[in-house]
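K.L.:
Below, each chain spelled out in residue letters.
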Amino acid sequence: MQFGIFSVGDVTADPVTGRTPSEHERIKAVVEYARLAEDVGLDVFAIGEHHNPPFMPSSPTTLLGHVAARTERIVLSTSTTLITTNDPVKIAEDYAMLQHLADGRIDLMMGRGNTGPVYPWFGQDIRNGIPLAVENYALLHRLWREDVVDWEGKFRTPLQSFTATPRPLDGIPPFVWHGSIRSPEIAEQAAYYGDGFLHNNVLWPKEHVQRMVSLYRRRFEHYGHGSADQAIVGLAAQLFVRKNSQDAIREFRPYFDSSPVYGGGPSLEETLEQTALLVGSPQQVIDRILAFREYAAGDYQRQVFNVDALGLPHETVLRQIEALGEIVPVLRREFAIGRPAHVPDAPTHASLKAARLATVEAAR
Amino acid sequence: MRRTLAVVSAGLRQPSSTRMLADRLAGATRRELERLGAEVDAHPIELREHAHDLVNNLLLGYPSRELQEVHDTVARADALIVVTPTFAASYSGLFKTFTDVLDETALVDKPVLIAATGGTGRHSLVLEHALRPLFSYLRAVVVPTAVFAAPEDWGDGGTAQGSLVHRIDRAAGELAREADRRDPPTINDPFADPTPFEDLLGG
Chain A
1 MQFGIFSVGD VTADPVTGRT PSEHERIKAV VEYARLAEDV GLDVFAIGEH
51 HNPPFMPSSP TTLLGHVAAR TERIVLSTST TLITTNDPVK IAEDYAMLQH
101 LADGRIDLMM GRGNTGPVYP WFGQDIRNGI PLAVENYALL HRLWREDVVD
151 WEGKFRTPLQ SFTATPRPLD GIPPFVWHGS IRSPEIAEQA AYYGDGFLHN
201 NVLWPKEHVQ RMVSLYRRRF EHYGHGSADQ AIVGLAAQLF VRKNSQDAIR
251 EFRPYFDSSP VYGGGPSLEE TLEQTALLVG SPQQVIDRIL AFREYAAGDY
301 QRQVFNVDAL GLPHETVLRQ IEALGEIVPV LRREFAIGRP AHVPDAPTHA
351 SLKAARLATV EAAR
Chain B
1 MRRTLAVVSA GLRQPSSTRM LADRLAGATR RELERLGAEV DAHPIELREH
51 AHDLVNNLLL GYPSRELQEV HDTVARADAL IVVTPTFAAS YSGLFKTFTD
101 VLDETALVDK PVLIAATGGT GRHSLVLEHA LRPLFSYLRA VVVPTAVFAA
151 PEDWGDGGTA QGSLVHRIDR AAGELAREAD RRDPPTINDP FADPTPFEDL
201 LGG
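Taken in order, these protein sequences are the chains called A and B. Under UniProt numbering, residues 1 to 364 are what the first sequence spells out, in order. Under UniProt numbering, residues 1 to 203 are what the second sequence spells out, in order.
Possibly wrong hints are sitting among the right ones.
Unchecked claim - Chain B stretches covered by chain A per the calculated footprint, using a threshold of three residues with CB under 8 Å from any CB of chain A:
1) 83-95
2) 185-199
Unchecked claim - Derived list of chain A stretches under chain B, where covered just means 3 residues or more per stretch with a C-beta under 8 Å from a C-beta of chain B:
3) 127-139
4) 187-201
By construction, these hints were calculated from the structure, which means they are not laboratory data. Predicted, not measured: the structure shown is a model, and the values here were computed from it. No residue lacks a Cβ here, since even glycine has one placed at the ideal position from N, Cα and C.
Start from the sequences, fold in the hints, and give me the full structure.
P.N.:
Right, dumping it as structure tokens:
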């Protein structure tokens, strides 16, 4: 099972000190989080993509390319890549280039974006969100698998005899996850291709997450990629840990209360009870994460945590990543207990390469 | 056949004339449906009890468990009665919030009886100017008779449109007949029956 951190790259004022970091500080800080994540033994670092303030990561492959050069093991991913407003040709090119530079240590998570005006800024219409996600990904999927592509769709210029370069490393396309909070069409899409499905269950209650993930698992089996419990499931969570749970609650509360996501709604205590928000002592948090198998409707493959949003100060975020370094070995041990052997790990470049080699040899 | 009736009241006080009107309408509709041979389950829904959950639903984008049950009750009902007090020449904000967080298809082809209370009979066109267009927008089948109760209606009730009891009975008869000639509503569950991906690809 993979564990990691993801950042949406928000540049938010610290509600306690009132200080807003500069974009430069945030960009450099996020790189530091990725490096520390690797140092403490995490598996994945993911960055979002946004094209409006208060977010800074408009150019994720530039950032990830830099992180790739300064790390050695950690898998670099996205949270999410906008499959709706980006040209799929550019995604194919950018991420194939990143894949080569990172020696295969990348994957992507597709998302539709959460801001209406982003669509018209890139010449699209939010009412086409799902059709864009479907058509653009269908093209991207082919561009990484076919050397020469003829294409005609609704949303971009037709392609005649087009070759996306560089070709994927070792001829193996980057693994793709699809993220969606409430669109069954996206769970269906992930299942159809046999790709991964990640639910950002930070914001929605357990019953809803179960329904989305169960749909994906059922349809994954329907489309012949394996049994439902072999589908590739990821979950996200927001985490804040201190040695004592009271300290964690006291310190996190002002960030919760002034959050544009949580503030003004149910209290911190109610939210802790009803959602996957994790605030407490290491042991409390471990117990709750182990119960996330209920959200995922079974054993799952990837768990990512957000630790740097809401204006939390830099030093505090570093302590959170260090805390994850101590929590994750316990989670690895506990999640392994009773996990059936036929439940796969999340695919990596190395595992996909080995699987292809095995298929080729079996065919001889 | 068993029929269910959801009865939404947006009254804020106890006792509430809005709730009183809702109960009268529910009782009359039950009688009419039973006369047509149905067994009736009536589900009263007091929006006051869900006021905080309604605001949270707006803020978070999803309902609490209790509010989800209310959504389900409304979606499954064969007929819906809604009663709001008149605030500032319209339905109350709480009442509108309830309609704002309903699934946009929850009321399609559903027989709905609209009703309101107010401090004076001069507010009675709130039904025609505010409630009827709102429920038409939601593609509900709003029955022709809408019922307004002003303070004087609880007394001798003599108005140009006839007594309150008479209007309640007429509206309840219309609602019962609309419910009676329909099949029970089918609930579309996109998680149980997803659109096959080939259809999505085909656009």
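K.L.:
Failing hints, ascending?
P.N.:
When the structure is compared with the hints, only number 1 turns out to be violated.
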